[in-house]
Structures are given as C-alpha cells and as structure tokens.
Amino acid sequence: MSGTCDYSGLSKRYGNFCVPAYKIKINGVDVAASMKLSVVEIKASLVLEGTSIVEIRIGDAYSDREHAFDRRLKDKFILGTVVELEMGYGSDTSCVFVGYVAIVGAEFREFALFVVTLMDARRLMMVSGSKQVLHNVKNYSDAFRTVIGSYSALCKPRIDATDDRLDRPISQNGNDYEFIMDGMIREGKADREFFIFGGTAYFRKPRSVKAPLMNMKYGQVLLSLSVQEEYLDQDIEVIGYNSREQKTFVGKARAKSSSRQKRVVSGKAAFTLTDPDADSQQKAGDRAAAVAAGQMWRSRSGEGETIGLPEMVPGRYFKVSGLEAMADNQYYITEVVHTLNHENYLTSFTIGGWE
Numbered sequence: 329m330s331g332t333c334d335y336s337g338l339s340k341r342y343g344n345f346c347v348p349a350y351k352i353k354i355n356g357v358d359v360a361a362s363m364k365l366s367v368v369e370i371k372a373s374l375v376l377e378g379t380s381i382v383e384i385r386i387g388d389a390y391s392d393r394e395h396a397f398d399r400r401l402k403d404k405f406i407l408g409t410v411v412e413l414e415m416g417y418g419s420d421t422s423c424v425f426v427g428y429v430a431i432v433g434a435e436f437r438e439f440a441l442f443v444v445t446l447m448d449a450r451r452l453m454m455v456s457g458s459k460q461v462l463h464n465v466k467n468y469s470d471a472f473r474t475v476i477g478s479y480s481a482l483c484k485p486r487i488d489a490t491d492d493r494l495d496r497p498i499s500q501n502g503n504d505y506e507f508i509m510d511g512m513i514r515e516g517k518a519d520r521e522f523f524i525f526g527g528t529a530y531f532r533k534p535r536s537v538k539a540p541l542m543n544m545k546y547g548q549v550l551l552s553l554s555v556q557e558e559y560l561d562q563d564i565e566v567i568g569y570n571s572r573e574q575k576t577f578v579g580k581a582r583a584k585s586s587s588r589q590k591r592v593v594s595g596k597a598a599f600t601l602t603d604p605d606a607d608s609q610q611k612a613g614d615r616a617a618a619v620a621a622g623q624m625w626r627s628r629s630g631e632g633e634t635i636g637l638p639e640m641v642p643g644r645y646f647k648v649s650g651l652e653a654m655a656d657n658q659y660y661i662t663e664v665v666h667t668l669n670h671e672n673y674l675t676s677f678t679i680g681g682w683e
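Residue numbers (this note's numbering): 329 to 683.
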C-alpha cells in the first residue's frame, strides 16, 4: 500500500501488458489452474467505504446430458470458503482481494455459467446484527482492534493508534460496521479511515500515504478522466462537555471547496454536532477539523479508466500531468473496478478528492 511505479517499469514487468493473468486461490492453491477452469469474466469492485465484491463467471462446466454443473466446482466453492484473487500479466500476479464465498448461482443464456460472488469482511460486519455493547477501552483504536478481531479469518488489522484517552466505556448501538464508520469516523471522534484490501484491515490516518503510486499520462496508461468540484461553504461547530469541570467547549472549522468561489448565502451556514466525548477544547477543535476535512474531500469527485493495473487500489493517490491546470492534480482513489475477460483487462476508478 505504499509502493510506487512508472510506466516503463510496469511495461517491462508485465511484458507490454499483452497477456492478462489471474489466480483464484483456495488454501493457497490456484484452483483456476489446477481445475482448468474456463473463466469467462472476473469483475473485482474494490471500495474504500462499503463492501468490496468480486464476481467470477465460469463457463464449460455444465453438462447438458446430466443437467448439472460439475460437482467438483460446486464442492470447491462452498458458501463461506475463503478465497484469494490475484491479477496481473503473464506469470506476474499480485493479490487484489481476500474474501469469502458469499453467493453461488447460475446464469442460463446462450450458454450456462456458474457464478461465484465473493465479499470481504465488511459485509459480515454489516449483517452482524444490532449490538448493545459497552467497550471498556482506553482509546478508539483499541475499540477498533476489539471489533475487527472477530473477523480474523478474513483480515488482519493494521492500526494507526489514536492518542485520545477515554475516561468511560464507549457504547455500541448497532452493527460492527456502523459502530466504526458512523460512531467513530464520520462523527469525527476518530480521525481515521477504515477499509480492507488484500486481507488487511486498515484503520489509519486519512490519506496518509501521500506519494502517488504512479504519474499517468493520457493516452499511455490513462484512457479517460472526468473531474468536477462542487460548491461548498459551511461552518462546522462541534459542542462538547466536560461533566467533571461542568464546562462546555465549542470547536469550529470551515469547510470551503475552493479559494476561487463566491459566497452565495449571506450569514453563516452552520453544521452543528454534539459530541459528549469532546471533553476539552482541543478535542472539540479536532472533531470539527476532521468533519470539515471530510466535507471538503467529498466536494471533489471524478472517474476514469486505465489499462488493467492491479496496482490501482482504493486508499492511494495517482498523479496526472500534461492535460490542463484543472485536471493536472494528485487524485485520491476511493473505488476501483478491475474487469478481466477473454478480450482485455481494464481498470476503472472513482476519485474522492485531490490535492
């Protein structure tokens, strides 16, 4: 998640991107090769927020005489089986996904396809049920470690510790994913981003890997790009309270999309958030700054497409140069879709802000 590359190096490594390749591993064995599977298409949708999903369509596995798919295939992809997906070119592939078999199904059109849908641990967190739990921990990073420990079969944590000191237990009233995303991150209590990639659950400082994974040029690696910036001008206020000192604290920050914009609404357009854990002026200010930063990043968006690049992953930046001042930026990736079939391997992406 921190390496960098360039076009010439990748072109040499991947043999000029001529022969797309993949591995579908179960218990360390590439079952696509060992079972000689005829994979029609792989679509890996990797996201920063939500659930990453992989769809694998397999052909030449249906018997017209027996009216059934190959039993070996059905026995291999049992619901709940942990699967690792690698993508690349030639003999050089790298892991882009680790998850479990969430859905198995069939498609009958011109020919029969056996369809396997994989999801990462965040899906299980979302359906873990509403929980009424008190987490007796010292800080928010310890709370994350406690929750993510239940999903160790699918991911291992990599945590940037938070420096807060909690003087009372944290209440969880919802599923595990809501507790982390809504209860800690979106409310600004923990200035962190949470996502899962390649079997690692990251709880880290937002956009912490600043080095772009690659400098892309249009027509070489970059096939298309569209970007847009939305009007944003809002004051953020976070109100906290210290019960021991009986003092109220107000943290303030401003969310503004660009320096080159005019204010449309007279007076202040304020967004106020009450946070009982913000029991000092420093904490209230930090919460307000985190909420404002999130709004500013969400005001900038875009999308595009490249040649198939397994290096393109959510949570990294890439740089574009040589287009136009409006488009020559360092972009943050929030979603990637790798699509590999008999014809080609392409990567589409969604942008969640830029610098």
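Calculated from the structure, these hints are not laboratory results. Positions of the beta carbon are idealized from the N, C-alpha and C atoms, including for glycine. Mixed in with the good hints there might be a few duds.
Said to hold, decoys possible - Here are the computed distance ranges between Cβ atoms for each label pair:
1. E683 <-> R514: 18 to 24 Å
2. G527 <-> R437: 16 to 22 Å
3. Y559 <-> E631: 16 to 22 Å
4. T474 <-> E631: 34 to 40 Å
As the list claims (entries may be wrong) - Keeping only pairs whose Cα atoms sit at most 30 Å apart, straight-line, the calculated DSBU-like set for lysine-lysine is:
5. K364 <-> K353
6. K371 <-> K584
7. K647 <-> K371
8. K484 <-> K533
9. K580 <-> K590
10. K575 <-> K590
11. K647 <-> K351
12. K466 <-> K580
13. K647 <-> K340
14. K351 <-> K364
15. K364 <-> K402
16. K404 <-> K459
17. K402 <-> K484
18. K584 <-> K533
19. K459 <-> K402
20. K538 <-> K484
21. K484 <-> K353
22. K404 <-> K364
23. K466 <-> K364
24. K353 <-> K402
25. K404 <-> K484
26. K340 <-> K371
27. K647 <-> K584
28. K402 <-> K371
29. K545 <-> K459
30. K538 <-> K575
31. K538 <-> K404
32. K371 <-> K538
33. K575 <-> K545
34. K533 <-> K459
35. K466 <-> K484
**Message:** Of the numbered hints stated earlier in the document, which are not met by this structure?
**Reply:** 2, 6, 10, 16, 19, 23, 29, 30, 31 and 33
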